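Construct the complete structure from the given sequences, taking the supplied hints into account.
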Amino acid sequence: MATEIAFPDSAAKAAGAEQEFAPEKMSLSMGPSHPSTHGVLRLQMELDGEVLTKCDPIVGYLHRGDEKIAENMTYNQFVPYTDRLDYLAPLANNMAYAIAVEKLAGLEVPARCQAIRVLTAEMARISAHLMGLGAFGLDVGAWTVLVHSLNQREHLYKLFEELTGARFTTSYTRIGGVSRDVPEGWLGRVIAFCDQFEPALEETLALLTRNKIFQDRTVGVGIITKADALAYGLTGPNLRGSGVALDLRKDRPYSGYEQYEFDVPVGSKGDCYDRYLCRGEEMRQSVRIIRQIVAKFPSGDWYAKDARKIFAPPKDKILTSMEELINNFMIVTEGPQIPAGEVYFEAENPKGALGFYIVSKGGGVPWRMKIRSPSFCNLSILPKVCVGTMMSDVVTLLGSLDFVMGECDR
Amino acid sequence: MSASVDALSALKAKFPQVTDRASRDCPAVDVPTLDLFAALKSLRDEAGFDLLSDLTAIDWAEGATPRFTAVYHLYSTASHAAVRVATPCVGDDAAPAVPSVVDIWPAANWHEREAYDMFGIKFEGHPDLRRILMWDGYPYHPLRKEFPLAGIETALPDLEVAEETQAKVIPAPMVGGPFVASSGEMNLTEAEPRAKDESWNERSAKPQA
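Sequence lines, in order, name chains S and D.
To convert, note that position 111 of the first sequence is 110 in numbering that gives the first Met the number 0; the numbers rise steadily by one, no gaps.
To convert, note that position 170 of the second sequence is 169 in numbering that gives the first Met the number 0; the numbers rise steadily by one, no gaps.
Treat each hint with caution, since some may be false.
Claimed, not checked - Derived lysine-lysine pairs resembling DSS-like cross-links, with alpha carbons at most 25 Å apart: (1) S:K53 with S:K225; (2) S:K383 with S:K225; (3) S:K304 with S:K102; (4) D:K144 with D:K121; (5) S:K67 with D:K167; (6) S:K316 with S:K304; (7) S:K383 with D:K40; (8) S:K295 with S:K249; (9) D:K40 with D:K13; (10) S:K24 with S:K383; (11) D:K144 with S:K67; (12) S:K268 with S:K249; (13) D:K144 with S:K360; (14) S:K360 with S:K67; (15) S:K102 with S:K67; (16) S:K102 with S:K268; (17) S:K102 with S:K360; (18) S:K67 with D:K121; (19) D:K40 with S:K225; (20) S:K383 with D:K167; (21) S:K314 with S:K304.
To be verified - Chain S stretches covered by chain D per the calculated footprint, using a threshold of three residues with CB under 8 Å from any CB of chain D: (22) 58-64; (23) 93-105; (24) 160-172; (25) 243-253; (26) 344-357.
What the hints contain is simulated information worked out from the structure, not anything from laboratory work.
As the structure is a prediction and not an experimental result, all values here were calculated from the model.
Idealized CB from N, CA, C, for every residue including glycine.
Structural data, given as C-alpha cells:
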C-alpha cells in the first residue's frame, strides 16, 4: 500500500540496499475538507516520519471576491457582506465596517448607538470564543466542551435574534447608526444571560484548564515566540497569548471603549495552552464590559440624526413627508454620500484586528476597499511554526489559532 | 498621534524625496519606489513600527499615472502610533513592480502574494511570489479595474476534470450590480430586482466578446 501512496522513488530505493535507511519524506495533503481544518483550509505537508519538515497552507477555497463586490455597490449594500467575513461574530464585523466608513465621512454617532455597538460586539466576542473553545476541545478529544459552549451560544443567538431579527447573519449596523433600537426588556435579559453564563463558563473551563489530558496535548505545543508573532503580524488572542499586550480596545479606543474597565490577559509562553487561557479570560472580561454598559446605558438617539445624506430617515417619516421620501430614495439608489479621501480603521475583533482600508473618490460607492482579515495574517505563520512539530500537534495548533476561513479568503 | 508625526518628520529629514500624503486619519507619506525599502526599514528599526498591519494596492484605472499604488500600514506596539506609507509602482501596466519588504516583516509574504494575485504587481525580491487566493495558472488579476465583476470565462483549474466534463468557469449570471428593480415592468416576475447592467441576463443571451 505504501508503494502506491507516497514513495515515488521506491524503485530506486529497492535497487540499493545501502539506501534502505536513508530518510525519506512523505508528502501529505490535509484538507480542504478535513474536520480539524475548520472550514476549507488545505495544508500541503512534508513529513519525516511523524515530524513535519515543511508546511504550505493553501487558502482561497472560500474566495468570493468581497473586495471586488465592494467596489460595485453602495456603502450600505455592503453591510450584509461583512457578516460573511468572520461569520462567527457578524456583529463585531458590522461595527468595524460602520466605524471605518463613519471615520471617512467624519461622522460621530451618539453615545447610545456606541453603547449598543460595544454591547453587541462583546456579546459577539463571547459567542465566537465559545465556538472556538468548543471546536478546540473537539480537536483535542474533549467532546463535552462543545456541548456546553453551543448551549451557551444558543442563549446568545436568541438575544441576537430578538435584537436584529437574525440569529447568524445580523447586518445590524447602518452607516451612522444601527438598524433599530434595543427592544423593551432586552437589556434585562442580557443581564440574566450574564448571571447564568458566569458560573456556566467556569464549569466549562474547569473541564479543560486542569485536565491532564488537555494539558499534555497543549502545554509546550505550538510555541509562537513574541518576536515571531509580531513579525508575522499576528493580532488578537494569538498575539496576546505570545505575551504582547496589544489590544486595540485599550490602545486605540473606539466607540467609547475607554469608558469601560477591563483587563487584557497576556500569555507567557505562547503555546496552545496560553492561547486557550487568553480566550477563556477574555470571555470573563467581556461579561464585565457588558455589565458596565448595561449599568449606565445612555439614553438619547441611537443613530446620527444630523447625518441626513447618510442615514435613512425613519419609516413613518418616509411615508408622510415628501422631503424624507426623496432623501430615502437618494440614499437607497445612490448610497450615502461619503467625501473623497482614504481611511484605515482596525477594530479588535474576536479573531484579531479586523481592518478596513477604504479609498473614496466621493459619492456612494468606494473606489477601493481592502479588508485586512486577522485570520489571513494569523495563518501566515503556519509555515514557520509547523516545521518540527508532530503531525498530531498540527491539529492542536490549528484549533488554538482559531481562524475562520470566510474571513481569511474573503 | 504625535509619535507618528515625529517619526515621519525624521523620515522626511533622512529621505528628502518623501512627501506628505493627504489622509483623513493617521499621518501618511508618499515614498519614491527607490527609497521604499530603506524608508520602511528605518521606520521599523529607528521609529519602532514593529507590526505591519496591512499591505495592499490600489488600481487607479487605466490611463492613470501612476496606475498602481502600493500602500503599507504600520503600527508600533510601543507607542501605539500608526502610519501609512504609499509608493507608486514602476513599470508598465502589464507588470508593475515595487520592492518586496518580506525581509523587513515576514508578515508581508502573504500580503504581497495577495497583491500580486489580485493586481499583478511584481514584488521584487519576494521569496515565493505565486497566487494565493486564485488558483495557480489563473490568467487574470481580478481586482484590476478592467476586470468585470461577473468574471471572465476561464478553463477549470483541474485540466483532467475539464477534459472529462467539458466544464468551464463561467461568468456569474447576475452581472453588474448594485441590483435594482426596474420600474417599467408590469408583472411581478419581470419587476424582480436585477443587475443594473442589463446588456445580458437570464432571458437574453450574452453578447459575443
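These are the hints, each one checked on the structure:
{"no.": "1", "hint": "S:K53 with S:K225", "verdict": "holds, 22 Å"}
{"no.": "2", "hint": "S:K383 with S:K225", "verdict": "holds, 13 Å"}
{"no.": "3", "hint": "S:K304 with S:K102", "verdict": "holds, 16 Å"}
{"no.": "4", "hint": "D:K144 with D:K121", "verdict": "holds, 18 Å"}
{"no.": "5", "hint": "S:K67 with D:K167", "verdict": "holds, 21 Å"}
{"no.": "6", "hint": "S:K316 with S:K304", "verdict": "holds, 13 Å"}
{"no.": "7", "hint": "S:K383 with D:K40", "verdict": "holds, 22 Å"}
{"no.": "8", "hint": "S:K295 with S:K249", "verdict": "holds, 20 Å"}
{"no.": "9", "hint": "D:K40 with D:K13", "verdict": "holds, 12 Å"}
{"no.": "10", "hint": "S:K24 with S:K383", "verdict": "holds, 18 Å"}
{"no.": "11", "hint": "D:K144 with S:K67", "verdict": "holds, 9 Å"}
{"no.": "12", "hint": "S:K268 with S:K249", "verdict": "holds, 22 Å"}
{"no.": "13", "hint": "D:K144 with S:K360", "verdict": "holds, 14 Å"}
{"no.": "14", "hint": "S:K360 with S:K67", "verdict": "holds, 16 Å"}
{"no.": "15", "hint": "S:K102 with S:K67", "verdict": "holds, 21 Å"}
{"no.": "16", "hint": "S:K102 with S:K268", "verdict": "violated, 37 Å"}
{"no.": "17", "hint": "S:K102 with S:K360", "verdict": "holds, 15 Å"}
{"no.": "18", "hint": "S:K67 with D:K121", "verdict": "holds, 20 Å"}
{"no.": "19", "hint": "D:K40 with S:K225", "verdict": "holds, 20 Å"}
{"no.": "20", "hint": "S:K383 with D:K167", "verdict": "violated, 36 Å"}
{"no.": "21", "hint": "S:K314 with S:K304", "verdict": "holds, 14 Å"}
{"no.": "22", "hint": "58-64", "verdict": "holds (count 4)"}
{"no.": "23", "hint": "93-105", "verdict": "holds (count 3)"}
{"no.": "24", "hint": "160-172", "verdict": "violated (count 0)"}
{"no.": "25", "hint": "243-253", "verdict": "holds (count 4)"}
{"no.": "26", "hint": "344-357", "verdict": "holds (count 5)"}
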